[in-house]
Amino acid sequence: MIEMNNVYKVYDNGVTALNGVKTTIDNGEFVYVVGPSGAGKSSFIKMMYREEVPSKGHVKINHVDIGDMKDKQVPYLRRSIGVIFQDFKLLPKLTVYENVAFALEVIEENPRKIRRRVMDVLDKVGLKHKARFIPAQLSGGEQQRVAIARAIVNNPKVVIADEPTGNLDPDTSWEIMRIFEEVNATGTTVIMATHSKDIVNKIRRRVIAMENGQIVRDEHRGEYGYED
Amino acid sequence: MIEMNNVYKVYDNGVTALNGVKTTIDNGEFVYVVGPSGAGKSSFIKMMYREEVPSKGHVKINHVDIGDMKDKQVPYLRRSIGVIFQDFKLLPKLTVYENVAFALEVIEENPRKIRRRVMDVLDKVGLKHKARFIPAQLSGGEQQRVAIARAIVNNPKVVIADEPTGNLDPDTSWEIMRIFEEVNATGTTVIMATHSKDIVNKIRRRVIAMENGQIVRDEHRGEYGYED
Amino acid sequence: MKINTFKRHFREGTKNLVRNSWMTVAAVGAVTTTLVLVAAFLMLMLNLNQIADNIESDADIRVFIDLSAEEDDIDELGQNIGELNRVEEFYFSSKDEELEALVEDLGEDGEAWELFEQDNPLNDVYVVETYEAEDLAGVASTIEGFSNVDDVDYGSETVDRLLQFNQYARYIGITFIAALLLTAIFLISNTIKMTITARRDEIGIMRLVGAKNSFIRWPFFVEGMLTGVIGSVIPIALVLGGYHFLYINLNDRLNFQFIELLPWNPFAWQLSLMLLAIGAFIGIWGSVMSVRKFLKV
Amino acid sequence: MKINTFKRHFREGTKNLVRNSWMTVAAVGAVTTTLVLVAAFLMLMLNLNQIADNIESDADIRVFIDLSAEEDDIDELGQNIGELNRVEEFYFSSKDEELEALVEDLGEDGEAWELFEQDNPLNDVYVVETYEAEDLAGVASTIEGFSNVDDVDYGSETVDRLLQFNQYARYIGITFIAALLLTAIFLISNTIKMTITARRDEIGIMRLVGAKNSFIRWPFFVEGMLTGVIGSVIPIALVLGGYHFLYINLNDRLNFQFIELLPWNPFAWQLSLMLLAIGAFIGIWGSVMSVRKFLKV
Ligand SMILES: Nc1ncnc2c1ncn2[C@@H]1O[C@H](COP(=O)(O)OP(=O)(O)OP(=O)(O)O)[C@@H](O)[C@H]1O
Ligand SMILES: Nc1ncnc2c1ncn2[C@@H]1O[C@H](COP(=O)(O)OP(=O)(O)OP(=O)(O)O)[C@@H](O)[C@H]1O
Ligand SMILES: [Mg+2]
Ligand SMILES: [Mg+2]
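Residue numbers (this note's numbering), protein chains in the order written: chain F, 1 to 228; chain E, 1001 to 1228; chain S, 2001 to 2297; chain Y, 3001 to 3297.
Please keep in mind that the hints were generated in silico from the structure rather than gathered at the bench.
Ideal Cβ placement from N, Cα and C applies to all residues, glycine included.
Incorrect hints may have been included.
Stated by the list, open to error - So the derived list for chain Y, only partly shown, Cβ under 10 Å to chain S, looks like this:
#1 Ala3027
#2 Thr3034
#3 Thr3197
To be verified - Straight-line alpha carbon distances no greater than 30 Å define the calculated DSBU-like cross-link-like pairs of lysine-lysine that follow:
#4 S:Lys2095 x F:Lys128
#5 S:Lys2095 x S:Lys2296
#6 F:Lys157 x F:Lys89
#7 F:Lys157 x S:Lys2095
#8 F:Lys89 x S:Lys2212
#9 S:Lys2015 x S:Lys2212
#10 F:Lys72 x F:Lys56
#11 E:Lys1197 x F:Lys124
#12 S:Lys2015 x F:Lys128
#13 Y:Lys3015 x Y:Lys3002
#14 Y:Lys3212 x E:Lys1056
#15 Y:Lys3015 x S:Lys2293
#16 Y:Lys3015 x S:Lys2095
#17 F:Lys113 x F:Lys128
#18 S:Lys2212 x F:Lys124
#19 Y:Lys3095 x E:Lys1093
#20 E:Lys1089 x Y:Lys3293
Stated by the list, open to error - Which residues of chain S face chain Y? A few of them, derived with a C-beta cut under 7 Å, are:
#21 Gly2029
#22 Thr2033
#23 Leu2187
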């Protein structure tokens, strides 16, 4: 369960990205985060895996305040959350296989199990045949799918995706959405920032709409849109 | 005028990204390039400003074969073409203003004129108030708009855009499209790879559909889609 | 740490050397050049030190025996001297031998004095050597108290000066080596720091994916160690080969009797081991220190 | 190039130093440490060289005059010697003065000889100094041909050895300085290369946006030059300050007459200028060379 209580985020340069955000996301939910460019969607999401800490207010993951969390515990928090970053954040020197395997090596998983699981996931996102390529040798959409594979490879309790279909054609996008639905069906929370009206309106789930760092709408089975 | 004649592109690792492409794009045209992830859209576009050279076949820009082009001439070719890269390619240490101004400094434009023109363009893409930020301090969509501003700032004869709205919400996307239409109206060629069905179907223009490194459809006032 | 994880770290560390090839070249290059410099300077300084030692140990005490002393007295004096525990060895030199040596020392100047051989004005002498140059003064004053001693001379002024000069030279040498080593450490860790800073994004990504700091640090530890060890290969080869060459060729040429180089074995080996240790240490240290900076939350 | 463009390049080069702060620190640090080392070594070597020169110039020729020579003969011989054009100066030393000097030289050993003052067996002597130590042998053999000369001595063996030793020392010194300079060049350009390689993406982007290679190169040129110049500030300060300190303090203490340090002015200034030039040159060179690699199409 993710709880935010009156969360403010002011970056070093004075920009207020979150301006009093209050919400609760239960385990197993599927949530879209929508809003115009610069609304604070990425900032909102970054609070959940502690890439950024709130300037004011509290963020609790399973009742633990991440502000009070010890540095040593942060890696464990992050392992329980699979994140697809807006800019992918792939390790440029590692192959596709190694990039995905990394998330399992970190938790000291058995090497044989790693191999099986990584190949399974790459197959799911349609990149099994590019396992030995490095990111620079992939198209934009392929890189995005590697990021998706890495996020779901260790069966995290929460999957957070920041515009996971921005570089994908509609067909591939629907395939990825199917994967997210599958993951969600097994009880995993899915939180997804997106600009895709099509997807939000077709696969109806909870929609959190943001503007100027605030939540302007929070609707179950909602539509795309962020005008209040 | 851009002519491609039987162009093949095989990357070092053996991937064939272009598999015999033949097409002509006239001055002043507005062309969408669509196709699934990994179809070769970016590779196709990279041929036009010589980021990549064909493994076989010829690419001619205004009747000059870029294969025969001297190294010294490449910068001049690139100055006549404004490119929006799929991964933005902003200079991380420069501010938004400096990133955009760079395209004008390169052609040794008068400093006063640079200032005026850069602020104009930043205003157009809605980032005037973030002129002093560096890219890392921007949201994904904001970075994309800086890339757009840089591409159009020196009034190039050709604007090439690789998924210029991938990180933008629908509203901002339409604004950007309006800018492209404006630019196109003054006689500038616009070539744009995109995954946005909405845009392609609403603003009807020539559509080049690619799959597996080949052009599978080339239609004026066409629809989004790439099944043959 | 599981054994599999340990293997992984070692594999990663090694792979990283290959992946970041230009950085590896730069870092190994920095280690190599500075260690070569350190090695050359150490070879020079340790040998100069050895030479200084030799010069000092050449210094001795000359005990002038009373002209009136009988043979028995002389023997007794010798016995007394032999019982002193700071004395390494001593020998007797008759006044005739002394004259001969003097005439020889003076070269052409001395020829004139040969005429006076029949009327030798010199004393018989005991030449005494001590274990350490520093003991000369003490032993000399003890011997001065013995009977049948006319006078004692240990070239006090010359020896004192020499000792002082050697002391100076050693201070300068030690300062230089320390400076050189510090420079080497600074440059190498600087270079390694740069190679790692260039990978700050990588480290950031690892942390975002849930890697513990120790997990991130280990491959860098291995990488730093290997950088240092590889970087010390050429310096070690130069020491082993180059010093051999110098030793063979120079030792004969340097025909001043007091100059003698340290023997190749074990000196070259000891120095090599030292270089290896310095290389590995600096590599690890530079590497781990630099990573630390990016592991702050 | 337009004047505006030139200003821009200079501004960019300066800004880049600030923007890439950690790289600047690393590159300037490398320049600083290696130049300090170069400076220290140059100070040492040039002074040792000077000392060696002094020792050599102390060597002289002793012309032993026939015991039978009259005062006129002696004067004539003096005149003949004075006319030789490699002779710098010469003076007469009577046999009494010679004996005195000898007795003094021998120290306590010599006292015995004082008894023989009435019966001095030594010759009168002309002591001749030449401009260059290398001329000693030639002048000596010329003088040997003059009348009333009993014998000529210029310590041929000792001087030859000394000359040879100094030659060796100089070779070693020059080799060391050359090695040090090469190391400095390697390390500095290596560091600069790394700072630039870390910016290969940046350079790639500039090229994609239509910048000419020369346009990209210029700010790096400025940056390299500034790196070198800034890096030479501390070494220069150390030379100017440190050498002053050494000169004041050491020159008196080193009480061997033949050791005299090079005067602070102009030596320290010349060395500083040299360091500045080396710094700037290496900075520019390392910078421009490294950029070149990424400007290939
Ligand atoms: N590291 C940062 N430093 C300073 N300002 C930042 C930083 N990151 C984001 N911002 C600012 O905070 C605001 C919100 O950014 P955020 O990335 O959360 O927007 P977003 O909703 O994800 O937008 P997009 O849809 O374009 O990705 C923006 O105005 C941005 O300029
Ligand atoms: N530098 C490269 N080296 C090797 N292979 C590459 C390189 N760039 C692209 N490829 C491969 O070429 C194929 C076409 O890539 P391209 O980037 O042109 O696709 P795209 O149509 O732009 O895809 P997307 O919509 O995902 O951006 C892909 O299979 C990709 O893996
Ligand atoms: Mg965002
Ligand atoms: Mg693409």
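Query - Distance restraint between lysine 89 of chain F and lysine 2212 of chain S, which requires alpha-carbon spacing of 30 Å or less - result: 18 Å, holds
Query raised in the report: With a cut-off of 7 Å, does the beta carbon of leucine 2187 of chain S approach a beta carbon of chain Y closely enough for the hint to hold?
Result: For leucine 2187 of chain S, the interface hint holds, since the closest Cβ of chain Y sits about 6 Å away, which is under 7 Å.
Report task. Given the hint that lysine 3015 of chain Y pairs with lysine 2293 of chain S, test it: the Cα-Cα distance must not exceed 30 Å. Result -> 25 Å, holds
**Report entry** Hinted pair lysine 3015 of chain Y and lysine 2095 of chain S, Cα distance within 30 Å
**Finding:** Answer violated: lysine 3015 of chain Y to lysine 2095 of chain S is near 83 Å, above 30 Å.
Query raised in the report: Do the alpha carbons of lysine 1089 of chain E and lysine 3293 of chain Y lie within 30 Å of each other, as the hint requires?
Result: Satisfied, since the Cα-Cα distance of roughly 20 Å is no more than 30 Å.
Query raised in the report: Given the proposed pairing of lysine 3212 of chain Y with lysine 1056 of chain E, does the C-alpha separation stay at or below 30 Å?
Result: The given pair, whose Cα atoms are some 27 Å apart, holds under the 30 Å limit.
Query raised in the report: Regarding the pair lysine 2095 of chain S and lysine 2296 of chain S, is the alpha-carbon distance no greater than 30 Å?
Result: Not OK: lysine 2095 of chain S and lysine 2296 of chain S at ~81 Å, beyond 30 Å, violated.
Query raised in the report: Given threonine 3034 of chain Y as an interface hint, is the shortest Cβ-Cβ distance to chain S below 10 Å?
Result: Because about 7 Å separates threonine 3034 of chain Y from the closest Cβ in chain S, which is inside the 10 Å limit, the hint holds.
Query raised in the report: Within 30 Å, alpha carbon to alpha carbon, are lysine 113 of chain F and lysine 128 of chain F?
Result: Given pair lysine 113 of chain F, lysine 128 of chain F holds - Cα atoms ~16 Å apart, limit 30 Å.
Query raised in the report: Taking only the CA atoms, is the gap from lysine 2015 of chain S to lysine 128 of chain F under or equal to 30 Å?
Result: 23 Å, holds
Query raised in the report: Does the alpha-carbon distance linking lysine 2095 of chain S and lysine 128 of chain F stay inside the 30 Å limit?
Result: 101 Å, violated
Query raised in the report: CA of lysine 2015 of chain S to CA of lysine 2212 of chain S, is that 30 Å or under?
Result: 20 Å, holds
In terms of the numbered hints stated before, the structure departs from hints 4, 5, 7, 16 and 19, listed from lowest to highest.
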